[in-house]
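Peer 1: Single-letter residue listing:
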Amino acid sequence: MGIDIRLPLGILFLLVGSILVVYGAASDPTLYRQSLGINVNLYWGVVLLIFGALMFMLSRRSARAAARAENAPQSPRSSGH
Amino acid sequence: MTGIDWLILGLYFAFVLGIGVALKGSMKTSADFFLAGRAIPAWVCGLAFMSANLGAQEVIGMGASGAKYGIATSHFYWIGAIPAMVFVGIFMMPFYYGSRARSVPEYLRLRFDEKTRGLNAISFAIMTIFSSGISMYAIAKLIQTLHVFDGVFQRLGLNSSWIFDFAILISAIVVLVYTFLGGLSSAIYNEVLQFFLIVAGFLPLSYLGLKNVGGWSGLKATLGPSYTHSWAGLSRANTNRLGVEWFGLVMGLGFVLSFGYWCTDFLVVQRAMAAKSMSAARRTPLIGAFPKMLFPFLVILPGLIAIALPTQPAVPPHARVVVSAEPPGKGIIPLKVDASSGQPMLDKDGKPQFDYDLAVPNMLLHYFPPGMLGLGLTALLASFMSGMAGNVTAFNTVWTYDIYQSYIRPGATDAHYLWMGRTATVFGIAFSIGAAYMANRFNNIMDMLQLVFAFVNAPLFATFLLGMFWKRTTGHGAFTGLLAGTAAAAIHHGLTLPAGAVVGIKGGWLAITHTYPSEMAQNFWTAIYAWSTCFVVTIIVSLMTRAPEESKLVGLVYSLTPKPEEEPLAWYGRPASLAIMVLAGTVLLNIIFW
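Residue numbers (our numbering), protein chains in the order written: chain F, 1 to 81; chain P, 1001 to 1594.
Don't read these hints as lab results, they were simulated from the structure. Even for Gly, the Cβ is constructed at its ideal location relative to N, Cα and C. Hints are supplied without guarantee of correctness; some may be wrong.
To be verified - Quick list of the computed label-pair ranges, beta carbon to beta carbon: (1) P:H1147 <-> F:V46: 40 to 48 Å; (2) P:G1434 <-> F:A53: 38 to 46 Å; (3) P:L1560 <-> F:L54: 27 to 35 Å; (4) P:V1536 <-> F:A66: 51 to 59 Å; (5) P:L1007 <-> F:R61: 25 to 33 Å; (6) P:N1590 <-> F:P29: 38 to 46 Å; (7) P:W1470 <-> F:A53: 46 to 54 Å; (8) P:I1445 <-> F:R61: 52 to 60 Å; (9) P:G1003 <-> F:A53: 54 to 62 Å; (10) P:K1563 <-> F:I3: 28 to 36 Å.
Extracted from the complex, chain P is given alone in its bound form (with noise of 0.2 Å):
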């Protein structure tokens, strides 16, 4: 990094810090800080809908999947998302709006009990603090891993060891500085500032990336049909490079995991509760759809284009591109180096593993002079704060309202619960730092951790559907629906196993009686058993308890509620015409890379 690198990271950060400063005067309640007194305009929240979610896993593990998989990567964006973004903008939005709550546990505790809402509260924490540990993390190995601050420890004298550490501090104190002074409305705000750097950092990667292998046609004849469709060869798992079929694509990844991630979790949904008024909160995530369709040539491409390069490439002096120089990588992927050893790591084949997540931060140093790589430096933390910013306001508003208030101080002044807001915020952030040097100490204990989530997350979109739109559903149904849904996506992980891994965290810890072509198919089936016996278990156990009062799901239950009404806009912004428009467009994008 050169001195103008620096000066337009320091800009960035100086901007960060000043929407937190400037908001800081106007939280004035709660609701101020925690719901961002709804007050937001609709395209704003829209594309704070769609970067809360743009953090590290999405930029760097994206780009890395375009390399593995090429532009089949773009399911989780053309089938895992848009469908299930305009599903939730269209029919969940007026009751998770309307209903006034002021969280998704909330809403849970209004539709069905206290209990179904403190299973989701307290497992929604949990999950965000880690996940905002692991952001931390990525950030802070990034740095490490591309050098940033060498330079600068050098001259100050510093053992370059503190850098992993240093680089945690400061990712923790700015999102702690700008979330502890404005709250949910600074994250929303800076989430918009990082959407458009992200753009601004990656627009000209794919531009130049792409001229220099000569365009798309190019990269069709480098890299082959199994890399430049995205459908092709899905009729069965082992003609495709994702290892899964069709239906268990688009009922695993389409349906099931990304209407529960979408359509259920807070950490989206809360930016539409901040908008203005339900119309706006109505469009929010058709709005985030928008710009969610196109991005995968931002974040995917740009893999692709990584191992279609020539695999030595001219490197100039003053770039640091991380590449093994013995053997040679896969285009400019370098292999992935034990660092306690410094020889390549193999699989159980004996080949050598490419390091993918460096597809993205390679194609920075690779294409970009000083300046322009400041840029796309900063876009790229940028990304992982605003993550992790998303994850923070999530957790305080979650602990406060549907934890502390609930279960452990109910009747305070809103001063206090603002006071707990705040102090929520510091307490978050420190467990983060804990979890993101535990995410570094103990790989595995992450990956169990992720995994028990995804199990307690899989059957969540079944609860949610059945709530809204079944007013026999019942509060013991909706929670014993949930345990089932749970324990049987553990069963299912426990009996099969991908091909070639080994038993253990990977599945088969019972027993094997299925082996599923890779290890994305295994996820995909074990989200679709999850949520069919959570499915099943929820209505059976609804049936035979007590119906709820018809009365009190007013504004809850889709047969109960009277239609939102609509606000005068003209005819291309109303909800409707929105959803139609992006999901034409998806459909456009799925022919195009058929």
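Isolated chain F, as found in the complex (with noise of 0.2 Å):
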């Protein structure tokens, strides 16, 4: 039962990281004075739709080779966690 939370997870990193991505290359560079200079929002951004993917892709990989080994009963090996 349950849900796989990769999924979910995943994809509200990937959200969140678009949207960072996206208002931190369109934003004016002096609202990063306060940051040091570093336009933190692109960065991030970039990092959390990087791990957004990772953990989108883990959970898409591992419902793969459940149906897999729903269709193969004789091999019930699943890809674990």
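Take the two lone chains and join them into the complex the hints point to.
Peer 2: Right under this line is the structure:
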């Protein structure tokens, strides 16, 4: 029962990451004086995007592995966590 | 807050509620609701195990302590959590999980008797309600202080004095919806979400702050050794900022309080009981221990940076750092201001007090531009809500299984208990709202309640230790031991006083026989006395009463339980290997920050 939390986790971070990247790329650079001149939205947004994509891919991979295991019951190997 | 910050906050709320809705269909039995069907993978349980404890007290409180005491606050993690988390995973989980008990109080009934369970269940249920109320109060207070909703309220023409009530209502409704729909699974999945959000929101804060003050060496140069060493100066209480000597710290915090919390508190143990197998249950606290070990860098470090910064920062107009103009605070930490008079609050010696609780929120406002600020505030709110949801799910389980099913209505159908669990979620949250308002109106009552809980909790670990590892321990012994331990804690508190405190809630209400250098030292020693009394009384009474039948203790006591079978796991995934790795890491961190 339940859900694979990596799927919503991945989607949430993909969305938040995209928002930060787009906003970071479009926003006025003077905004980043308080963050030591670092465009923290852009750079951290990229990191979150990568993390989100990774989680999303992992959840897809294990969903595919589970589907394969169902089709071929003689080899009940799941990818695990 | 600007539009982009609202967007991120809104997204988070949508996902939290969405998880509850997605899980609604799979809540068919009471075990699905209260135990997450015992089907959750170890890494998810592990992160939830850690996040359930990561409430308001943790994120705000540890940042505040970091500002007050320096890196020595990390003792609350490295001494005060990791060893106990390893112990519960390696040695105690086989009995919690193996006994198939559905809650910690239920384990006490299986091992001892009904009265020991009743004592634990009732005190725990009351405690969780107040803890979740305090969490809710903290959320509302923070939202009020940071003026998060002020703009919206102004635009809608609403009275800004309603912001507190609105914040309470919103957090209560969100937590209610997702725990009502998805029970423990929903709480656990959301705790994982919250964990990653907290890391995402706080890691850049530590990075920017550290970069700004010139790295760790810069921090050391600015603040001096008393803030940047965790063990140096602990040989005596008056040579360190905590005001505790090493023995009181190691025994009081590292042994009694820490093991009492991490090894017996159902709030965290419930997360491991939801694991899908014995091996997953044992690995749950061990997996949680890895991020726990590193969290001081996320929650304590910002506090240290906050006091190292120059006092009057250049504040951009869109951020609203809560800084009192006159006289200057310490770093970016403002003075505590009396809400009614608007004057800074003074301590007994007439010196102004600092509002350390604003260390972390002010750091967020200081460094984060719009965008990241939304993420940071979302992380903060997420941590508060995960702390609250942890209490709510532990409450509805203990209420339904250990109080309602045991004393009010035994023998009903499973569907009835599922209904009761959902109903308990509703009135548990309603009571928490009451507790939140009580905390707002009568601060002293809350202080007193927390004191009473401390007395009740302090001896608990002695009972569990004897119960699990000494088969001769009897129910009468356990029950009398708990009562004696609680009484010892109260008496010790009544006879001692921290230096500079006023007789009353801080102690000394019987007579003053000893003065401790700090409140923390007094707390640790109260715990040590409570634990020792419980330990001794339990042994004496057990030896005087009839030994329990050994056949009934199989699976509940160490010497009568077969060793748990190891699942075929890679060497690095086995509980013992995880334990060694996390302990080695903790020792290393202690050496680095000596």
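Peer 1: Between the beta carbons of P:N1590 and F:P29, is the distance compatible with 38 to 46 Å?
Peer 2: holds, 42 Å
Peer 1: Is the hinted range of 46 to 54 Å satisfied by the C-beta distance from P:W1470 to F:A53?
Peer 2: Given range 46 to 54 Å: holds, Cβ gap about 52 Å.
Peer 1: Is the gap between the beta carbons of P:L1560 and F:L54 within 27 to 35 Å?
Peer 2: violated, 46 Å
Peer 1: Should the hint that P:L1007 and F:R61 are 25 to 33 Å apart at their CB atoms be regarded as holding?
Peer 2: holds, 30 Å
Peer 1: Within 51 to 59 Å or not, the Cβ separation of P:V1536 and F:A66?
Peer 2: For P:V1536 and F:A66 the Cβ distance comes to about 54 Å; the hint holds.
Peer 1: Measuring from beta carbon to beta carbon, are P:K1563 and F:I3 in 28 to 36 Å?
Peer 2: Since the Cβ atoms of P:K1563 and F:I3 sit about 34 Å apart, the hinted range of 28 to 36 Å holds.
Peer 1: Taking the CB of P:I1445 and the CB of F:R61, does the distance hold inside 52 to 60 Å?
Peer 2: 53 Å Cβ-Cβ, so the 52 to 60 Å window holds.
Peer 1: Hint says 40 to 48 Å; check whether the CB-CB distance for P:H1147 and F:V46 agrees.
Peer 2: Check failed, 31 Å falls outside 40 to 48 Å.
Peer 1: Determine whether the Cβ-Cβ distance between P:G1434 and F:A53 falls within the hinted range of 38 to 46 Å.
Peer 2: holds, 44 Å
Peer 1: Determine whether the Cβ-Cβ distance between P:G1003 and F:A53 falls within the hinted range of 54 to 62 Å.
Peer 2: Hint violated: Cβ distance 26 Å, outside 54 to 62 Å.
Violation of the numbered hints given earlier is confined to hints 1, 3, 9; the remaining hints are satisfied by the structure.
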